[in-house]
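Asker: The primary structure of each chain is shown beneath.
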Amino acid sequence: GDSVTQTEGLVTLTEGLPVMLNCTYQTAYSTFLFWYVQHLNEAPKLLLKSSTDNKRTEHQGFHATLHKSSSSFHLQKSSAQLSDSALYYCAPMPNYNVLYFGSGTKLTVEP
Amino acid sequence: EAAVTQSPRNKVTVTGGNVTLSCRQTNSHNYMYWYRQDTGHGLRLIHYSYGAGNLQIGDVPDGYKATRTTQEDFFLLLELASPSQTSLYFCASSDRDSKNTLYFGAGTRLSVL
Chain A
14 GDSVTQTEGL VTLTEGLPVM LNCTYQTAYS TFLFWYVQHL NEAPKLLLKS STDNKRTEHQ
74 GFHATLHKSS SSFHLQKSSA QLSDSALYYC APMPNYNVLY FGSGTKLTVE P
Chain B
8 EAAVTQSPRN KVTVTGGNVT LSCRQTNSHN YMYWYRQDTG HGLRLIHYSY GAGNLQIGDV
68 PDGYKATRTT QEDFFLLLEL ASPSQTSLYF CASSDRDSKN TLYFGAGTRL SVL
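So the sequences go chain by chain: A and B.
Residues in the first sequence are numbered consecutively from 14, following our numbering.
Residues in the second sequence are numbered consecutively from 8, following our numbering.
These are calculated hints, taken from the structure and not from any lab test.
A quick note: this is a predicted structure, and the numbers were derived from the prediction, not measured.
One should not assume that every hint holds.
Unchecked claim - To give an idea of the chain B side of the interface with chain A (calculated C-beta under 8 Å), a few residues:
no.	residue
1	Gly47
2	His48
3	Gly49
4	Leu50
5	Leu52
6	Tyr55
7	Phe97
8	Asn107
9	Thr108
10	Leu109
11	Phe111
12	Gly112
13	Ala113
14	Gly114
To be verified - DSSO-like, lysine-lysine: derived pairs with alpha carbons at most 27 Å apart:
no.	chain 1	residue 1	chain 2	residue 2
15	A	Lys58	B	Lys72
16	A	Lys119	A	Lys81
17	A	Lys68	A	Lys58
18	A	Lys58	B	Lys18
19	A	Lys90	A	Lys119
20	A	Lys62	A	Lys119
All C-beta atoms in this analysis are idealised placements derived from N, C-alpha and C, irrespective of residue type, glycine included.
One chain only, chain B, in its complex shape (with noise of 0.2 Å):
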């Protein structure tokens, strides 16, 4: 079974706050991707990358930044967080050998206050 491992699983800050969400795989993924989860609006993609030093645009981007340090590591950056960030933001790999399934993470759950 596919592991994907997220830190830290919850996390309070404040309007304006400097935060970094964590995501670690180790089943020699290409692609890792970022979600976020709210109701009403499913699962939306952040960011993902196709390997170290890569990165690319998802549907929601504004306010994130993604980092692709090592195949394993993939880390969403939310520089000025605001109130709007607080969802549920899971971290998500796959490739071809895995037939394109993407495996999750427990998820972290963010509040912006």
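Bound conformation, chain A alone (with noise of 0.2 Å):
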């Protein structure tokens, strides 16, 4: 919903170059920040959590940071495996266990 806006649509990389997924919120849904990954006929999973300012988490080979500053929680990592295709969703939690996905960013990563 309005609460939180990642990277739009459908992004397409080549096997081995970097992946950095956008995502923005709203200031009131800081409490904490998820990624989840939807792979292809599967249902969503953890990827990574933060409600630490400034501080890397990675798992996986993604990370994120948290910047509350700039309300920002973007989703990197350093070269695209094609295992990575899925569907990733950005979710703060503004309020103890109510989750706010966001749209959906689906990663084709290419050979």
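Starting from the two chains in their separate frames, assemble the complex, guided by the hints.
Answerer: Written out as structure tokens, the structure reads:
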């Protein structure tokens, strides 16, 4: 919804190139920030999360840093792999246990 | 690993039909959620609950009812289904012990003809 804005639509990359998916959110939604990943025909699952300002969080080769000053939580990876092709959701959690997902960014990694 | 089971996995009904989607979690989580997923809209929260007998309204509740009968079971009811409710529905559960991480079921694909 309006609480979060992601890189829109479809991102296509060549294998080996860096990945950056943008996420900005409304300030009121900054308690926790999450990235979820959904591979084709699977359910979404947690990729990484943060609640600490200016601290880098890493998981499975991806990383993100929560910057409350700019209301951003961009997802990055140094080198894309074919298996990274998926739908990625940024999701802020303003209150405990209620997540509001962005519209999602579909990442396609080509050989 | 947390377990969330949805049934049925696929459902076809007609306009005006009555549909119930079921979700059971065996993680002793307090929170349960129903989301719908549509291309261009992402995951949108329909209803959620923080315990048996509790119901909270999400972002897109119109046309949906929900009921949490036990800590494990959360149902989504479409009493007069419409084609606009054709979607992929996900159930999820979480609580503070899971560090606010949502665990999703496999999804129910609903088609309203």
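Asker: Now look at each hint and say whether the structure bears it out.
Answerer: Structure-based check of all given hints:
1. Gly47: holds (7 Å)
2. His48: holds (6 Å)
3. Gly49: holds (4 Å)
4. Leu50: holds (4 Å)
5. Leu52: holds (7 Å)
6. Tyr55: Constraint on B/Tyr55 satisfied, holds at 7 Å.
7. Phe97: Hint holds; B/Phe97 Cβ to chain A Cβ min 6 Å, cut 8 Å.
8. Asn107: Hint on B/Asn107: holds, closest Cβ of chain A at ~6 Å, below 8 Å.
9. Thr108: This interface hint holds because 5 Å falls under the 8 Å limit.
10. Leu109: holds (6 Å)
11. Phe111: holds (4 Å)
12. Gly112: With Cβ-Cβ at 6 Å, under 8 Å, it holds.
13. Ala113: holds (6 Å)
14. Gly114: holds (6 Å)
15. A/Lys58 to B/Lys72: holds (26 Å)
16. A/Lys119 to A/Lys81: holds (25 Å)
17. A/Lys68 to A/Lys58: Distance of about 22 Å is within 27 Å: holds.
18. A/Lys58 to B/Lys18: holds (24 Å)
19. A/Lys90 to A/Lys119: Status holds; Cα separation ~15 Å.
20. A/Lys62 to A/Lys119: Holds, at roughly 19 Å.
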